[in-house]
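Please model the complete structure; the sequences and the hints are all you need to start from.
As you go down the protein sequences, you meet chains P and Y in turn. Positions 27 to 278 (our numbering) are the ones given, in order, by the first sequence. Positions 442 to 678 (our numbering) are the ones given, in order, by the second sequence.
Hints are not guaranteed to be accurate.
For each label pair, taking beta carbons as the anchor points, the in silico distance ranges come out as [unchecked claim]: (1) Y/G669 <-> P/F246: 48 to 54 Å; (2) Y/R468 <-> P/A60: 24 to 30 Å; (3) Y/G653 <-> P/V219: 57 to 63 Å; (4) P/C260 <-> Y/E613: 41 to 47 Å; (5) P/N36 <-> Y/G653: 52 to 58 Å.
Source of the hints: derived by calculation from the structure; they are not laboratory data. Glycine residues also receive a C-beta, built at the ideal position from the N, C-alpha and C atoms.
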Amino acid sequence: MRKIWDLAENTFRETIRDRVLNVSLLFALAMLGASVLLGTLSIGQDQKIVRDLGLAAIEFFGVAIAIFIGTSLLYRELDQRTVFIVLAKPVARHSFLLGKFCGLVATLTVLLALMTLAYVVLLLALRAFELPLLWAVALLWVELLLLVGLSLMFSTFASPVLALVYTFSLYLTGNNLDGLKALARNARPLVKVLAEGAYYLLPNLGHLNIKNQVVYGAPFSLGQWGLALAYGGCYTAFVLLLAVGIFARREF
Amino acid sequence: MFLRGAVLAGSFGSLLTLAAAAGLSGRLDRMHGAEGVARYPVPRREVIQAIATGFDNLLADSFWLQFLQYNGEKLTEDLATRRYEHLWEGLTLIIGLDPHFRDAYLFGSWVLGDAGDGKRAAELVASGARRHPTDPRYPFQLGFIEFLYRKDLPAAIQAFQHCASLAARRREDHNLWLSATRMAAGLSLRRNQRQTAIAIWRSLYQKSRELGDDRMAQIAERALERLGVNVMDIVKG
Chain P
27 MRKIWDLAEN TFRETIRDRV LNVSLLFALA MLGASVLLGT LSIGQDQKIV RDLGLAAIEF
87 FGVAIAIFIG TSLLYRELDQ RTVFIVLAKP VARHSFLLGK FCGLVATLTV LLALMTLAYV
147 VLLLALRAFE LPLLWAVALL WVELLLLVGL SLMFSTFASP VLALVYTFSL YLTGNNLDGL
207 KALARNARPL VKVLAEGAYY LLPNLGHLNI KNQVVYGAPF SLGQWGLALA YGGCYTAFVL
267 LLAVGIFARR EF
Chain Y
442 MFLRGAVLAG SFGSLLTLAA AAGLSGRLDR MHGAEGVARY PVPRREVIQA IATGFDNLLA
502 DSFWLQFLQY NGEKLTEDLA TRRYEHLWEG LTLIIGLDPH FRDAYLFGSW VLGDAGDGKR
562 AAELVASGAR RHPTDPRYPF QLGFIEFLYR KDLPAAIQAF QHCASLAARR REDHNLWLSA
622 TRMAAGLSLR RNQRQTAIAI WRSLYQKSRE LGDDRMAQIA ERALERLGVN VMDIVKG
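So this is what it looks like as structure tokens:
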């Protein structure tokens, strides 16, 4: 546990200094500011537009950073051969991977907290803040954990570019799984089984995306929210176990 | 010395190219304007919904702003030459992405009515009312659309009565209840419909001016013009 903590701390220090992170944070804050300007162009819907655009900006930059840094994190260690120095010490491979995961998650948590703080301050100034908006941010955090897990898992066996393509494809698919369910409804038995199987086995990011609902209050229960959190946690654990399994068998 | 000269030349060059790009952009804008190129393309709803990737509300906002920008400009044009474009397609795209987008139903129905499509204006608000069965603002709007654009007095009375029954349930909707009750009672007296329409449009015009809602005021102004009322008379009181 101590080793995971040390590795996580090291990864956090390394990623928080990344220029991509600073630039993305600046862009996200600029977009939050721009949302006020766009809101004024609408008729009576300015608060809704600021809420929508703010949540979308937080998700967009959070996802971009999770995928971009997540897919290059392991590659950097392998490319600079620093992984051999670490693994030559009494550090298990799974500790190394989990340390990387926790470090990047810590960085994303700080980033998400900063963006959310700016968002909340903006909404409070506009008298447009409602607590359920934070529920959406919490689920977004879980979505980012899952994406970091997927990025790391893919980067255990693929190049950074391919890992990025795989993770991004799963992100797109995971947000559009309803189409697969609709396909299963009217398909022939074999296709139906395959489509339904894919629907339940692929990461359904739609469960973690409630930003379209929370801007209108909260037409969902706390139980539903808790289940979504648990779903994201379970899937992230599964992906990490898979990543650990692949990384343990990898030959350098 | 050489380095400083190079930096200065580079800076000057970059400023010059940026200014040139801005100038060309302005020229292209003018060319588009001169040729009357339509700038309100409405993509297919199915395609947009398929690629929304969870950003449905954001896309709806973006299409709404585009709708307002394009059709807002149209509201200021002359009545005879004004041509709205893709109103129904644009509005159904927005509510397809975000079924709770209140102003797309309410303001959208005014624009549809102003464009002479009272049937679809009523259809739009009715679909909003079906999706928000406890919200009295939808039947309230439906009442206006039925009376002012479709001239269907019984349907308008029914909509206002429905609005009043919904508004009576909530204390914060007291003003709406009062207005809907008055409207239903006033229309039930079956007085001169033209005079009633003028009174409603006049009230909407004055209210929009008070609230600084220029687009709504322009719709009311056009409607009053059609009824032969000069808005300047209202302004003068």
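Each hint, compared with the structure:
Separation of Y/G669 from P/F246 is about 52 Å and conforms to the stated range, judged on CB atoms against 48 to 54 Å. In this structure the hint that Y/R468 and P/A60 lie 24 to 30 Å apart at CB holds, the actual value being about 27 Å. One distance hint, 57 to 63 Å for the beta-carbon pair Y/G653 and P/V219, holds here, with the actual separation near 59 Å. In this structure, P/C260 and Y/E613 meet the distance hint of 41 to 47 Å, their C-beta atoms being roughly 42 Å apart.
Between P/N36 and Y/G653 the Cβ separation comes to about 56 Å, which falls inside the hinted range of 52 to 58 Å.
Hint compliance for this structure: every hint is met.
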